[in-house]
Amino acid sequence: MALSMIKDPRIYQIVTLSGLLAFGWTAHAFEIDPIQFAAIVLASCSTQWLGSILIATRPDFKSPLITALSLTLLLRADAVWPLAAAAAIAIGSKFALRLGDKHIFNPANIGIVAMVLFTDAAWTTPGQWGTAVWFAALLAGAGLFVTYRSARFDVPLVFLGVYAALVFGRALWLGDPLAIPLLRLENGALIIFAFFMISDPKTSPDGAIARAAFAGGAALLAYLMIFNFYIADGLFYALAIMCLVRPLLEWADPAPHYRWGDPVAPLRGIRKQKPLTKNSVHPVPAE
Amino acid sequence: MSRSLKKTLFAAASAITAVTLTGGAVAFCGFYVGKADTKLFNKASKVAIMRDGNRTVMTMANDFQGELTEFATVIPVPVVLQEEQIHVTENAILDHLDAYTAPRLVEYFDEDPCVMYQRREMAMMPQAAMTLGSADKMRKKDSLGVTVEAEYTVGEYDIQILLADQSDGLATWLKQNGYKLPDGTEKVLASYIKQGTKFFVAKVNLEEQTATGLKYLRPLQIAFESPKFMLPIRLGTLNADGKQELFAFMLTRTGRVETTNYRTVKLPTGVDIPVYVKNDFGSFYKSMFEQQVEKENERAVFLEYAWDMNWCDPCAADPLSQDELRELGVYWVGGGGDKPGILPRRPMPQARDVYVTRLHISYDADHFPEDLMFKETNDRSNYQGRYVLRHAYKGDAQCDAAEQYRASLPKRFESEAQTLANLTGWDIDDIRDDMNETGQSFEEPKKDSWWKRLWGNDAKEG
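Protein chains in written order, with the working numbering: chain A, 462 to 748; chain B, 80 to 541.
Errors might be hidden in some of the hints.
[Unchecked claim] Below, a sample of chain A positions facing chain B; criterion: calculated Cβ distance under 10 Å:
| id | residue |
| --- | --- |
| 1 | Ile472 |
| 2 | Thr487 |
| 3 | Val541 |
| 4 | Ala582 |
| 5 | Trp590 |
| 6 | Leu639 |
| 7 | Ala716 |
[As the list claims (entries may be wrong)] Distance ranges between label pairs, derived from CB positions:
| id | chain 1 | residue 1 | chain 2 | residue 2 | range |
| --- | --- | --- | --- | --- | --- |
| 8 | A | Arg559 | B | Ser460 | 35 to 41 Å |
| 9 | B | Asp527 | A | Glu492 | 44 to 50 Å |
| 10 | A | Trp542 | B | Lys526 | 22 to 28 Å |
| 11 | A | Val476 | B | Lys365 | 52 to 58 Å |
| 12 | A | Trp542 | B | Glu287 | 54 to 60 Å |
| 13 | B | Pro347 | A | Gly636 | 52 to 58 Å |
[Claimed, not checked] Part of the chain B face toward chain A, derived, beta carbon under 10 Å:
| id | residue |
| --- | --- |
| 14 | Thr226 |
| 15 | Ala229 |
| 16 | Tyr231 |
| 17 | Thr232 |
| 18 | Lys266 |
| 19 | Thr338 |
| 20 | Phe381 |
Hints are computed from structural coordinates only; laboratory data are not their basis.
Note that CB positions come from ideal geometry on N, CA and C, so glycine has one too.
Just need the whole structure built from these sequences, with the hints factored in.
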């Protein structure tokens with residue numbers, strides 16, 4: 462049991478995201494009302510619990526906690542309800558919006574997109590991270606990669622690599638000083654997004670090639686929306702669009718589904734899915 | 080006019096434009112506190128931006144000081160502007176917006192600790208002043224890949240809209256027309272040209288200027304539609320000698336505006352500071368601002384005011400009238416509605432969906448390499464820069480509560496001194512000295528010994 466706990470990267474994510482939140486809180490890097498945070502956690506976990514009851518499985522609260530922490534870090538509102546609603550939509554989408562045996566959208570991502578796109582009660586703050594918090598987020602992300610390089614954390618690297626290449630390429634083409642692309646990359650929301658949102662193995666394709674296409678496509682879409690169409694929330698829309706495209710990528714590069722704690726699928730690795738055992742960490746597709 | 084005339088590319092809202100500032104005078108606007116002639120921030124410029132969807136109206140205060148013949152400005156704009164999209168307005172409106180949103184000092188007087196609390200408050204409001212400008216003739220050239228797309232005379236300005244294919248062509252064109260371009264201009268122009276930017280060149284039409292009868296240049300306004308919500312500051316940083324100050328006033332329908340590529344930070348507010356600051360609120364605010372800029376590694380944009388335009392509390396100036404708002408581009412309010420002269424301290428019944436954000440940026444090329452990119456949030460919570468003076472009760476109160484009150488004062492003064500020292504970086508001992516001189520003493524009040532209070536009367540008799 463202890464081993465499977467460590468093997469599960471979600472534990473690491475919960476610890477580092479909590480640390481980041483605590484650090485940002487004490488350093489006054491961002492304004493988060495403890496009541497709002499509590500509401501997000503409560504809404505995430507209760508939705509998970511309700512959903513688990515409806516499909517008659519044992520609820521696991523690791524995933525909803527990660528979603529809650531991501532939402533707390535990335536979404537803002539004047540009131541409590543928009544954040545609780547975002548959390549409920551995020552977790553609810555895992556149970557309600559499914560294709561085959563996987564949920565379609567990245568939970569925290571769809572929570573943010575739904576609230577930003579369809580209400581005027583919440584907003585994201587892409588620029589509100591000081592260098593210190595950005596650096597802490599980067600360290601946390603790098604730590605995640607080093608610790609779980611065997612799992613599928615190639616997604617953040619492909620995403621950040623393609624995005625950075627585009628941003629630097631733009632600066633070179635325009636003849637701008639490199640301080641400009643560096644400024645754009647020194648963005649806490651971007652790092653959190655890359656390491657803790659788009660990296661979610663449950664909502665990224667299982668095949669290595671499809672996964673690279675997924676991460677690269679999200680980077681390209683985000684870049685186009687932000688730099689060509691001046692859509693400040695392009696990052697989040699890009700991932701939502703790629704999640705819709707994902708079944709197509711998976712069809713082109715099929716691979717067995719990821720279960721929390723699994724090692725990564727090897728490149729071009731098309732192997733038979735292992736039969737589930739009683740001790741499987743994550744036998745329930747809804748998490 | 081002869082080419083030998085030294086023309087100066089100057090920033091009307093120098094943030095937007097300034098390529099050089101070789102004229103003797105330095106651009107200045109910003110705000111004054113207390114007395115109207117106390118200049119607080121040098122090299123400051125003001126710009127108001129109405130933004131609703133893609134609709135944008137930019138009002139740029141013209142703070143040029145110098146010979147009228149020396150004034151000219153180049154503003155990168157996202158679209159070719161027609162004559163009806165360019166307008167000239169009055170300084171007074173921007174001054175009013177400045178005063179309404181300015182950081183404020185309020186004071187309270189402690190009540191007689193033995194009597195009911197009565198509070199008075201006073202808002203001290205900063206005021207703003209504007210300055211002069213001037214310009215000269217230019218001739219258009221073709222062979223450089225520069226097209227003069229349109230030429231208009233609007234108010235006292237002659238305006239040309241330039242399209243360019245090549246930055247060196249545009250730079251040569253500008254130089255041939257007498258502009259002094261600092262190093263690095265071509266690179267920045269090239270970047271703008273590749274992004275499809277057009278250039279708006281304005282200079283003064285001396286005849287029209289004389290006809291206005293004014294001694295200064297009025298703010299230029301442009302209205303356009305573009306998904307780009309930004310303020311071009313890069314040209315202005317090229318030859319700037321030190322930092323420049325920019326005040327950006329955002330008028331929106333939804334809520335607060337913040338920058339997406341720089342951090343937007345709320346300044347400390349609502350703090351109690353020693354009462355002597357009343358005599359020099361200006362230096363206090365300036366020191367505090369500089370301290371905060373340092374604290375954020377000189378890379379932050381500061382929020383000074385974010386409020387629903389319908390009211391204020393306390394009011395540094397009346398909210399803008401509907402006519403004034405319309406003049407600044409707020410097209411969704413009806414004109415001629417309310418009259419100025421009222422001080423609404425609570426939301427008015429007929430709300431005029433206008434939210435104002437005041438941003439203060441102290442910038443240079445090293446710390447602000449990229450233009451300011453903005454985002455309108457849905458945040459409608461109110462924020463204001465507000466600094467509080469609390470006058471101790473000086474009357475002759477005689478009761479236990481009064482004794483306790485007097486005993487508590489030194490601690491309170493010490494805390495005010497420390498707050499001031501933290502905010503401004505001023506020496507704490509100097510602060511304490513100044514406080515002592517102005518009646519905020521740190522000495523514990525003399526207290527009778529406990530036995531005297533216990534047996535006081537008996538002892539006298541005994």
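**OP:** Output the numbers, in ascending order, of every earlier hint that fails for this structure.
**Re:** The structure breaks hints 1, 2, 3, 7, 10, 11, 13, 14, 15, 16, 17 and 20; every other hint is satisfied.
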